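Whenever a hint applies, use it, and build me the whole structure from the sequences.
For the record, the sequence lines run as chains C and R. Residues 1 to 642 in UniProt numbering are what the first sequence spells out, letter by letter. Residues 1 to 355 in UniProt numbering are what the second sequence spells out, letter by letter.
In short, the hints are calculated from the structure, not lab data. Computed from a prediction, not measured in an experiment: that's the story for all the values here. Glycine is no exception: its CB is placed at the ideal position from the N, C-alpha and C atoms. One should not assume that every hint holds.
[Unchecked claim] Below, a list of computed lysine-lysine pairs in the PhoX-like style, where the Cα atoms sit at most 20 angstroms apart:
(1) R:K337 with C:K240
(2) C:K245 with R:K286
(3) R:K138 with C:K245
[Unchecked claim] If you want the footprint, here are the derived chain C segments under chain R, 3+ residues with CB under 8 angstroms:
(4) 233-239
(5) 244-252
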Amino acid sequence: MRHFKKSHLLIGVGLVWIAFSRIFQGDQTLELATSDNTAFTTSVGDVAASIRGNRTKSAAFIYFFNPIRAAINGFVEIIRSIISVPSGNSIIPVIGWFGVVAIVAFAVYATSKLRTALLAVSLLLACGALGMWQFTMDTLAMTLASVLLSLLFGIPLGIWAGLSDRVLKILTPFLDLAQILPTLVYLAPLALFFLIGTASATIATMVYSIPIAIRITAHAIRNLNQSPIEAALSMGSTPKQTLTKVQLPMAKQMIILGVNQTVMAALSFVVIAALIGAPGLGKPVVDALIIRNVGQGFVAGFAVVFVAILLDRSTSAAAKAQEGFIPMTSQQIQRGRIKRGLAGLAAIAAIFASRSVLSLAVWPGSINIAQQVEDVTNHVTKWVTTNLYIFTVGFKDFISNWVLNPIETLLAFSPWFVTLSAIVLIAAVIGGIRVAMLATGLLALIVLSGLWHEAMITLTQTIVATLLTMSIGIALGIWVGRSVRAERILRPFLDAGQTLPAFVYLIPMLGLFGPTRFTAIATGIVYSIPVVVKIVSEGIRAVPVAMIEAATVAGSTVRQIITKVQLPAAKKAILLATNQGMIFVLAVVVIGGFVGSGGLGYLVILGGSKPDLQGKGLVAGFAILLLGVTIDRIAQASARRT
Amino acid sequence: MVDGKSSAGAGGSLASNPPAVSVRGLWKVYGPNPLSIVGSPDAKLSRSELRAKTGCTAAVSDVSFDVAPGEVFVVMGLSGSGKSTLIRCLTRLVEPTAGEIFLDGEDISKATPQRLRELRRQHFSMVFQHFGLLPHRKVIDNIAYPLEINGMKKTERHARANEVIELVGLHGYAHAFPEQLSGGMQQRVGLARALAVDPQVLFLDEPFSALDPLIRRDMQQEIIRLHRELGKTMVFITHDLSEAVKVGDRIAIMRDGAVVQIGTPEELVANPIDDYVANFVRDIAKSHVLTLRYLARPAQPGDDIDGPELAANIIIRDAAEIILQTHKPVRVIENGKVLGIVSSEDVLRLISGVA
Numbered sequence: 001m002r003h004f005k006k007s008h009l010l011i012g013v014g015l016v017w018i019a020f021s022r023i024f025q026g027d028q029t030l031e032l033a034t035s036d037n038t039a040f041t042t043s044v045g046d047v048a049a050s051i052r053g054n055r056t057k058s059a060a061f062i063y064f065f066n067p068i069r070a071a072i073n074g075f076v077e078i079i080r081s082i083i084s085v086p087s088g089n090s091i092i093p094v095i096g097w098f099g100v101v102a103i104v105a106f107a108v109y110a111t112s113k114l115r116t117a118l119l120a121v122s123l124l125l126a127c128g129a130l131g132m133w134q135f136t137m138d139t140l141a142m143t144l145a146s147v148l149l150s151l152l153f154g155i156p157l158g159i160w161a162g163l164s165d166r167v168l169k170i171l172t173p174f175l176d177l178a179q180i181l182p183t184l185v186y187l188a189p190l191a192l193f194f195l196i197g198t199a200s201a202t203i204a205t206m207v208y209s210i211p212i213a214i215r216i217t218a219h220a221i222r223n224l225n226q227s228p229i230e231a232a233l234s235m236g237s238t239p240k241q242t243l244t245k246v247q248l249p250m251a252k253q254m255i256i257l258g259v260n261q262t263v264m265a266a267l268s269f270v271v272i273a274a275l276i277g278a279p280g281l282g283k284p285v286v287d288a289l290i291i292r293n294v295g296q297g298f299v300a301g302f303a304v305v306f307v308a309i310l311l312d313r314s315t316s317a318a319a320k321a322q323e324g325f326i327p328m329t330s331q332q333i334q335r336g337r338i339k340r341g342l343a344g345l346a347a348i349a350a351i352f353a354s355r356s357v358l359s360l361a362v363w364p365g366s367i368n369i370a371q372q373v374e375d376v377t378n379h380v381t382k383w384v385t386t387n388l389y390i391f392t393v394g395f396k397d398f399i400s401n402w403v404l405n406p407i408e409t410l411l412a413f414s415p416w417f418v419t420l421s422a423i424v425l426i427a428a429v430i431g432g433i434r435v436a437m438l439a440t441g442l443l444a445l446i447v448l449s450g451l452w453h454e455a456m457i458t459l460t461q462t463i464v465a466t467l468l469t470m471s472i473g474i475a476l477g478i479w480v481g482r483s484v485r486a487e488r489i490l491r492p493f494l495d496a497g498q499t500l501p502a503f504v505y506l507i508p509m510l511g512l513f514g515p516t517r518f519t520a521i522a523t524g525i526v527y528s529i530p531v532v533v534k535i536v537s538e539g540i541r542a543v544p545v546a547m548i549e550a551a552t553v554a555g556s557t558v559r560q561i562i563t564k565v566q567l568p569a570a571k572k573a574i575l576l577a578t579n580q581g582m583i584f585v586l587a588v589v590v591i592g593g594f595v596g597s598g599g600l601g602y603l604v605i606l607g608g609s610k611p612d613l614q615g616k617g618l619v620a621g622f623a624i625l626l627l628g629v630t631i632d633r634i635a636q637a638s639a640r641r642t
Numbered sequence: 001m002v003d004g005k006s007s008a009g010a011g012g013s014l015a016s017n018p019p020a021v022s023v024r025g026l027w028k029v030y031g032p033n034p035l036s037i038v039g040s041p042d043a044k045l046s047r048s049e050l051r052a053k054t055g056c057t058a059a060v061s062d063v064s065f066d067v068a069p070g071e072v073f074v075v076m077g078l079s080g081s082g083k084s085t086l087i088r089c090l091t092r093l094v095e096p097t098a099g100e101i102f103l104d105g106e107d108i109s110k111a112t113p114q115r116l117r118e119l120r121r122q123h124f125s126m127v128f129q130h131f132g133l134l135p136h137r138k139v140i141d142n143i144a145y146p147l148e149i150n151g152m153k154k155t156e157r158h159a160r161a162n163e164v165i166e167l168v169g170l171h172g173y174a175h176a177f178p179e180q181l182s183g184g185m186q187q188r189v190g191l192a193r194a195l196a197v198d199p200q201v202l203f204l205d206e207p208f209s210a211l212d213p214l215i216r217r218d219m220q221q222e223i224i225r226l227h228r229e230l231g232k233t234m235v236f237i238t239h240d241l242s243e244a245v246k247v248g249d250r251i252a253i254m255r256d257g258a259v260v261q262i263g264t265p266e267e268l269v270a271n272p273i274d275d276y277v278a279n280f281v282r283d284i285a286k287s288h289v290l291t292l293r294y295l296a297r298p299a300q301p302g303d304d305i306d307g308p309e310l311a312a313n314i315i316i317r318d319a320a321e322i323i324l325q326t327h328k329p330v331r332v333i334e335n336g337k338v339l340g341i342v343s344s345e346d347v348l349r350l351i352s353g354v355a
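This is the structure:
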């Protein structure tokens, strides 16, 4: 009964909104020309300028920010000088490319198996052949440095949060916030305090990946089988003994899985952090996006994908090797040791070779297929855009004219108070009075920031992308959730999709749709579909078999089972997937500022390059955060209320 | 088993040597301000009344009993009766709200964390329903764990672990991992681990409830054998009355957190204190539990009173064959005096359930 009423209320709100929007079309939309500042954004810009001016004077910088920056810079540079940049007086890094390949091969072989090691080697060589060796090494060095630092802080904090309810309670809001914070938002503020460069990039990456390490470690500790722990206590173990002898060994596999996730998060961020001066593969990607050279973007993008597969396969293989505690025979152990010993010796020999033979130290320039790859991809893109015009541009125009434009008119070209009231009313209907009040506050702040119109442009794109993501994602999710075969077919794509940095998706989309609003939306869809499919299919699969058997015996058709049993039972998972999908989409839509999506993301990027718009860029970043929290609260409330 | 059970007297009191475990007025109340319930008029309320009135749940309410040295004391109750909470209070895995727990005269409930660890390491140990084995350790290192945390050297603790491995019938499994073993074998590891420190008291929390019926029977025999060989004091939790009767010297029946009746299996079957207990023990074959004392009756005119003599503490099942083969009623003797006679008809009537 209540549900029935709710949907009527929503329709009512929508109709009134449309009516008001028609009447006051174009009034009080708070539009602001891109190059204009408001009094507020100007003053934020002044504050930023004065912070920058104080770098050598203020105590906060001299005793806090600058030492941290120096320490992190030093740490990253040590790793870079080992594998990537010339060390000291030498013209080559400590270890040349051949040595690096050997070390990676040995490390992967020692922690998992030969096949994974071979895959890792071929991926590395492919990066070299793409002419990306130096960038690849920089990306690896940055990722390694960030991951080591993240784990250094993340695992102890995670263990602590796993053991203490109080610590978890204190950390949870930060972890939640980090999860909904679009990556683009904290680049500029960090660069303000730590300068553009590796330190800012590393810290930003840590901000992004530490919460993942903390969350998974705490989860691993908390979800252990409690029975051995109780037994250990009953035998008089001290808390320390219980932790080191019982809890950590039992949680080890899960924690290694957390390392895998941390590595993948760090990699995807290191690529984006090219925007604030991170060395590595992000740089050629950004360069290619700026000059709209799809082929060149593909070359760098392939290298990113290869590194992602390399890191994911090798770390997840290491996690899998931890599965089960079944012992090997002593003969097997012996043989394994000998093999690993020999491999280790070979790796050491390779390192020495890479230090003495120039062609093994510096990637030979003659092995370079970048131009060919660029030509082929440009060719293919051209062929697709000319021959499949009807699908690409047709689809783009259809969505733009029939979905995007009407929603944009409603949100961004109605008077601000009409849109604001409508959103608050919707929040009230689906989330209750408290969520409505929160939404009022957050949206009012956006209005005060002076970037309301831009925020509504971004919100429009987020909503459209989410609508499309959900309609595709739910359908795929039902399919994967119901069919083992579908799961087997789609699983590799879903896994790969989740590990790739959002940035690289922009490249093919740019090729297909050119620099438009729709490119950002399409990228957002492609990026967030995997997570939606995963959550929805898990929800479908979690529906008890008995329920489905009962419905089948009662004579339901497949369609009835889906619509009357599985979907209602998986409603919570679907709402959760919507929430996650929206957050993912928002993160990508703002990055789409690069390829012509406009909105807040464009202002953030512009603020990074134009000093007089820096304040506006910072404010835009904050507005993205406000928008993200608003979306998240409303979506979560709707999930909670079912 | 004619004389196997060391009868420890009736009720909660013991006459002779001091008890190994003694529990006095033990309470565990969950909810707001739990201490205020204990000793207040509310303490007399039933569980549901208490929850309705105060929002508190008494998982264990005012439990007292004594366990004699070497006795197997069974706490028996259905799920939710508070027996698991009770045994966790005894070992302070759950902190009791009120009451005293004496182990060899020392009040465990007042032990400092340090002293509590010492007690756990040396004086008592526990066996769990779900075994609680460490999956990442071999059998031998699981068994040696309590010795290891006590600081014993590796060779020493492995030597001791090997002794216990032989004792519980795990020969040849020392280097297996728990997940390679069947449930029954895993619980043998659990038992071995508990015995490794040679504790005075063994607490067993539904140790066999997770096992298949056939394995369960084997393990019950095993615990009886170990008890006979080692003579450890045991507090044994179960929800299975036939198991309780099999292994227990005395049984405490719990309901809604309180002890309803404590007694030997014979006492419970012969004189259930209320309908609840009577209902419980109804399915127990009386002839398996009761002794001839229960059947002995004064001779009626016409009875032969020169039949063979049998001791009063023989269980009826064990005496049945002799009685049925004799044509005269047997005379039941206790302390040299004749308590009465038992005829084959009396035995048949009891077995067929008419009596």
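Now for the hints, and whether the structure bears them out:
Pair hint K337 (chain R) plus K240 (chain C) does not hold up; C-alpha atoms about 64 angstroms apart against a cutoff of 20 angstroms. For a cut-off of 20 angstroms, the pair hint linking K245 (chain C) to K286 (chain R) is broken: about 49 angstroms separates their Cα positions. Restraint check: the Cα-Cα separation between K138 (chain R) and K245 (chain C) comes to about 13 angstroms, which is no more than 20 angstroms; the hinted pair holds. Against chain R, the region 233-239 of chain C contributes 6 residues with a C-beta closer than 8 angstroms to a partner C-beta. That satisfies the three-residue criterion, and the hint holds.
Counting residues of the region 244-252 of chain C whose CB lies closer than 8 angstroms to any CB of chain R gives 5, which reaches the minimum of 3, so the coverage claim holds.
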